[in-house]
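Trainee: Sequence:
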Amino acid sequence: MSKRAIKIVFSVLGIVAVLAAVVLGVGGYQLWEHGRVEQARTDALSTASRTVSAMFTYEPGTVDTELPKVADNLSDAFKADYLQLIKQAIAPGAKEKQLTVKATTQAEGVVSADAEHAVVLLYLNQLTTSKDTPQGTTSGSRVRVALDHADNRWLVAQVTPI
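So for the sequence shown, the working numbering puts the first residue at 1475; every next one is plus one.
The calculated DSSO-like cross-link candidates involving lysine-lysine, where the alpha carbons are at most 30 Å apart (straight line), are:
id	residue 1	residue 2
1	K1553	K1569
2	K1561	K1576
3	K1561	K1605
4	K1576	K1543
5	K1543	K1561
6	K1543	K1571
7	K1553	K1576
8	K1576	K1605
9	K1543	K1605
10	K1553	K1571
11	K1605	K1571
12	K1543	K1569
13	K1543	K1553
14	K1571	K1561
15	K1569	K1605
Pairwise CB distance ranges, derived in the manner of DEER restraints:
id	residue 1	residue 2	range
16	A1479	D1517	50 to 58 Å
17	S1586	Q1609	34 to 42 Å
18	A1551	S1586	19 to 27 Å
19	A1479	E1512	47 to 55 Å
20	K1569	T1611	12 to 20 Å
21	D1555	L1493	52 to 60 Å
22	G1488	A1528	58 to 66 Å
23	T1578	A1551	20 to 28 Å
24	G1502	T1603	52 to 60 Å
25	I1636	A1551	16 to 24 Å
26	K1481	S1520	54 to 62 Å
27	I1636	A1495	43 to 51 Å
No lab work stands behind these hints: they were computed from the structure. Don't be surprised by glycine CBs; every beta carbon is placed ideally from N, CA and C.
With the hints as extra help, turn the sequences into a complete structure.
Mentor: Laid out in structure tokens, this is it:
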């Protein structure tokens, strides 16, 4: 083989090696990103279900102490609104009517998710007992939950009834 032919062969091999490295790099990045998104979906869904159920579960004797603990899993802007709602409406109503509410997630699904933001749909059942209805009533609701990833954890940023 001539020197020219050897140069061409090595040039082609070099180009093939560079292309293979690029393809492997892009494929590896896409695989890594897919794993991040799948983990985000799983973690956001779990956080939404656990947090929203806790937001809507209370008893008259502990409403002032238990519901504010849930606020640690909320974004700063949503936390302020939620704490105000507890103070102005939920706690007084729970005490006056002796309300005990137990919320459970019946179904859940991810609407959209990436590594920093997720939107989840939850189907909740609430069992409510009071001094007027000690046998309790069950009601269902659907909520859309927006979550943000901050400080290495998912925080509920918004809960919207549907």
